[in-house]
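**Student:** Per my numbering, the very first residue in the sequence shown carries number -19; after that it's consecutive.
I should point out that these hints are in silico values taken from the structure, not numbers from a laboratory.
Ideal placement from N, C-alpha and C gives every residue a C-beta, glycine not left out.
Keep in mind that the hints are not guaranteed to be accurate.
[To be verified] The following label-pair restraints were derived from C-beta to C-beta distances:
hint	residue 1	residue 2	range
1	ARG(-12)	ASP141	51 to 59 Å
2	PHE114	GLY76	54 to 62 Å
3	PHE114	GLU72	26 to 34 Å
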Amino acid sequence: MLMAINRRTKVLLVVLVVVWVIAIVVLMRISSPKPVVATVQPAPQNIQNTTNNANLSTNGQVSNISLPDLQSILPDASFTNLFSPYVVTIPEELVGTDVIEDITSPQFKYVGYIAFMEKGKEEKKVFILSQNQFISANENDLIESRYKPVIITSTYLVVLDTQDGRIKKVSYISS
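Please model the complete structure; the sequences and the hints are all you need to start from.
**Tutor:** This is the structure we're talking about:
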C-alpha cells in the first residue's frame, strides 16, 4: 500500500512539473508591450448631475466621451496575450485642452526639473512647492504619496493621480 501512494505522488509531481514548464514557456514567448496612442476630444463642460436618493444637484466639470469615440480610441481587445501590460501614451496636443485638469494653485506649484545622466540613462528630478515646502522627486517616484509624473517639461508637469486615476497638469508659476 505504501508503494501505491508513492507512485501516485510521483505521477502528481510529474504532472505538476509539466504544467509549470508549459506555463513558463508560454510566459517567455509573450512579446513586449506595444505603446498605444490615445486621442481624446474635449466634451461640453458644466454638466449637471443629480442623485436619485437625496434630490441633490451639483455642477461639476465633467468630460464625457461617447461610446463610439471611446471604441475608436481604445484598440481592439484580443485575449491572445493576457500578460502584456496596457500602455497608454499622452499626446502633447492633449495637454492644452480641457480634458486634462489643471491643479496648479498657490499651495501646489511646479518649480521645474533637472535632467542628469545616471548609469548611462537620462534621469529627471522634479521640484514642487507644496504648502510652502520644496519637494524633490525622481521621475519614477510618487509626489506626496499620490502623484506619479508622466510628462515633464519646463513649462508644465503632467501627473497621474493615483487616488482617483485621472491625469492632471501642474503648470510652472514663476515667483
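**Student:** Evaluate each hint against the coordinates.
**Tutor:** We went through each hint and held it up to the structure:
A hinted range of 51 to 59 Å holds for the C-beta pair ARG(-12) and ASP141, which are about 54 Å apart. About 27 Å separates the C-beta atoms of PHE114 and GLY76, a value inconsistent with the hinted range of 54 to 62 Å. Restraint check, PHE114 to GLU72: a C-beta distance of roughly 27 Å satisfies the suggested window 26 to 34 Å.
Hint 2 from the earlier list is the only one contradicted by this structure; the remaining hints agree with it.
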